[in-house]
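Colleague: Single-letter residue listing:
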Amino acid sequence: MRQTITEKILARHYAKKRVKPGDFINAKVDLCLGNDITAPLAISEFEKAGMRSPWNRNRIALVPDHFTPNKDAMSARQCKILQVFSKAHGIRHYFEQGRVGVEHALLPESGLTGPGDLIIGADSHTCTYGALGAFSTGVGSTDLACVMATGRCWFKVPRSVKFIYKGRLPKWSGGKDVILFTIGKIGVDGANYEAMEFTGSVIRRLPMDDRFSICNMAIEAGAKNGIIAPDEITRAYIKQTMGRRYPLYAARWAYLYSDKDADYTDVHEWDMSAMEPQVACPHLPSNVKGVSELKKISIDQSVIGSCTNGRISDLRIAARILKGRRVNSRVRLIVIPATQKIYAQALDEGLLEVFTKAGAAVETPTCGPCLGGHAGILAEGESAIATTNRNFVGRMGSPKSFVYLSNPAVAAASAIKARIAHPAEII
Amino acid sequence: MKIKGSVHKFGDNINTDEIIPARYLNTIDPEVLSGHCMEDADPDFVKKVKKGDIIVAGANFGCGSSREHAPIAIKAAGISCVIAQSFARIFYRNAINIGLAILENGQLAGCIQTGDIIEIDLAAGRIYEPKNDKTYITQPFPEFMQRIVSAGGLMQYVKDSKGI
Ligand code: SF4
Chain A
1 MRQTITEKIL ARHYAKKRVK PGDFINAKVD LCLGNDITAP LAISEFEKAG
51 MRSPWNRNRI ALVPDHFTPN KDAMSARQCK ILQVFSKAHG IRHYFEQGRV
101 GVEHALLPES GLTGPGDLII GADSHTCTYG ALGAFSTGVG STDLACVMAT
151 GRCWFKVPRS VKFIYKGRLP KWSGGKDVIL FTIGKIGVDG ANYEAMEFTG
201 SVIRRLPMDD RFSICNMAIE AGAKNGIIAP DEITRAYIKQ TMGRRYPLYA
251 ARWAYLYSDK DADYTDVHEW DMSAMEPQVA CPHLPSNVKG VSELKKISID
301 QSVIGSCTNG RISDLRIAAR ILKGRRVNSR VRLIVIPATQ KIYAQALDEG
351 LLEVFTKAGA AVETPTCGPC LGGHAGILAE GESAIATTNR NFVGRMGSPK
401 SFVYLSNPAV AAASAIKARI AHPAEII
Chain B
428 MKIKGSVHKF GDNINTDEII PARYLNTIDP EVLSGHCMED ADPDFVKKVK
478 KGDIIVAGAN FGCGSSREHA PIAIKAAGIS CVIAQSFARI FYRNAINIGL
528 AILENGQLAG CIQTGDIIEI DLAAGRIYEP KNDKTYITQP FPEFMQRIVS
578 AGGLMQYVKD SKGI
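Heads up: the protein sequence lines correspond to chains A and B, in order.
Residues 1 to 427 (our numbering) are what the first sequence spells out, left to right.
Residues 428 to 591 (our numbering) are what the second sequence spells out, left to right.
Just chain B, same shape as in the assembly:
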């Protein structure tokens, strides 16, 4: 799967209260949630984001509460992939379980800016940045997780394998 999009950059320790504040958690509707995506980190984010855009962040992205509403809001806002130096563990498994593409890369956040265009080859774990003609290599997913993602998420995987 190949992705190309424009970057929105965030810092370290972006937590799920910033990604989707708890005051909006009285619904599970992805459309409503996406309207408040990243609101407490950048109030204008939803106005700026376009379909296919990419979030690039520092360490420990998605820390805090276990709310799956966070990756759901990001996905529904049109973000095609999140690349961070590292992810908090519950966010990591939630993203995989709902089929939001994520990659871990430590260098990228330091080298690019909001608005830059990057290209991602998910299967190969390769990120290409045309402006400086630079390529970044990331760790591809462990095989176990690839199976979940290629099934289209955890529940489909459970169904396909009849109770795992």
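Pulled out of the complex, with its shape left as it was, chain A reads as follows:
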């Protein structure tokens, strides 16, 4: 039987020629990740089990990004656990405030994730790195502890589902809209336990930032991983992020694709040429409608940021809409560049000036409001539009608040109009 790209990567990390869906494997991990919520638990499990030193101090990334800058004394204590552990064991990829960023934007731009890698993270959106052609999936804290100790993790090989996107995306629609559309079609458990493989002419033309947005939300359909076979766009990206390590990956291009007659449980094929920007309504990411159906929904807050859409191209598109305009006086627009590097680049390009002059609050890189942690919490009865990835009950604050998910152009346009708006209404 021929294999999918996911099966090929898993087989190589299990030192086998092939694996098949349903197999239990104990695979080698290239990189593992924890944050200020999940790593403290993992570290305590690691220590409780009497482990003295981690399996490889260069392959563990500890990223305090959720409640940072520390929102209270309890969060400060959590972050301290990461700092102390990193120092004690010489963990190379520990990121202090001022260098940190939202983990799933930070690790790729730091050149830590590449095609063909097997990556686990104690964070559900670890599936983001599939955009580079890696097998990457979210696990729990005990799994992270196990990988920190042994460098291995157990998996059940997932079945794969193929998505073929044909045509050309219209203006104002991007990667975020592709994935929202998809989740709207298949539902929040539409790909439970499965690998989502994204293909087709639409994907081939998309820049890396949009591909990250797509794979980021594979978990919102219940998937184990999302994956895009690497191509020239991937190659150019990792050449720039990896520098000296780039040649190590060159040999992988030869096998990082799905064989023509590989086995899929399902194949979905859609023409995307007429898809307007999509919005997921409260309280599920699958509750998706076209933006023009929602123009009557008023909003109190707009958030542009997160591991889904806090990258430089997201900020550029928002700035394009906000330039020379004002955020509506009834609305709080919060812009959060996902990493320090993106923040600096936005500063260089004059984007932060555009946001500030438009009346937006620009925050230092953090997850912040995305998970209702801090720095932009909703009150009872309030509604927000956000470029984040989850709109569950209470996700951004009060259990009686409402979150709509969109791309950054829609979030920026909505901030100007104080209601959900199509970017074409502005420019």
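None of these hints come from the bench; they were simulated from the model.
Treat the hints with care, since some could be wrong.
As the list claims (entries may be wrong) - Chain A regions said to be covered by chain B (calculated; three or more residues, Cβ under 8 Å):
1) 48-54
2) 69-75
3) 137-147
4) 186-193
Every residue gets a Cβ at the ideal spot worked out from N, C-alpha and C, and that includes glycine.
Starting from the known structure of chain A, fit chain B with the ligand onto it as the hints suggest.
Modeller: Just chain B with the ligand, lined up with the frame of chain A:
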């Protein structure tokens, strides 16, 4: 292992933000976490729950974030077992890794109510509901997972097998 307890019923797609809202994740203390268990799905849950009670839910239980705090909060609240039509995958592996009993059964949620008493035989994968004298059979755990659970969780398993 045999379990008997009273049922708390929930619907489909119960996510980890409802099980333990992110605003409480600035701690890993199971006691503190359990005080907010299921808060955004049922604010009175912690007042009603008794040790040994059982959660019965619909499809995709535990979807959303990877927080292990979710099964930890449920376990620390005294819940002895969660039975759902299906589980989201990270919740599933977290529950196994920390030793919270879980079973997949598609019929149960449609047939019983909050407050009903059920009996579970975990090893056999059998659920018995005395009121209507009905028995439900579930898929027992794959052998690989049974080994983790019987070792008392993943880390103990790792230790016992010296690095797997
Ligand atoms: S930005 Fe939001 S979804 Fe992404 S890692 Fe942070 S909290 Fe999670």
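Colleague: Each of the hints needs a verdict: does it hold here or not?
Modeller: Here is what the structure says about each hint:
1. Evaluation of the coverage hint for the region 48-54 of chain A: fulfilled, as 3 residues show C-beta separations to chain B shorter than 8 Å, against a requirement of three.
2. Counting residues of the region 69-75 of chain A whose beta carbon lies closer than 8 Å to any beta carbon of chain B gives 4, which meets the minimum of three for the stated coverage.
3. Restraint check on the region 137-147 of chain A versus chain B: 8 residues with Cβ-Cβ distances below 8 Å, three needed, restraint holds.
4. Beta-carbon proximity to chain B at under 8 Å applies to 4 residues in the region 186-193 of chain A; the threshold of 3 is reached and the given coverage holds.
Of the hints listed earlier, there is not a single one the structure fails to meet.
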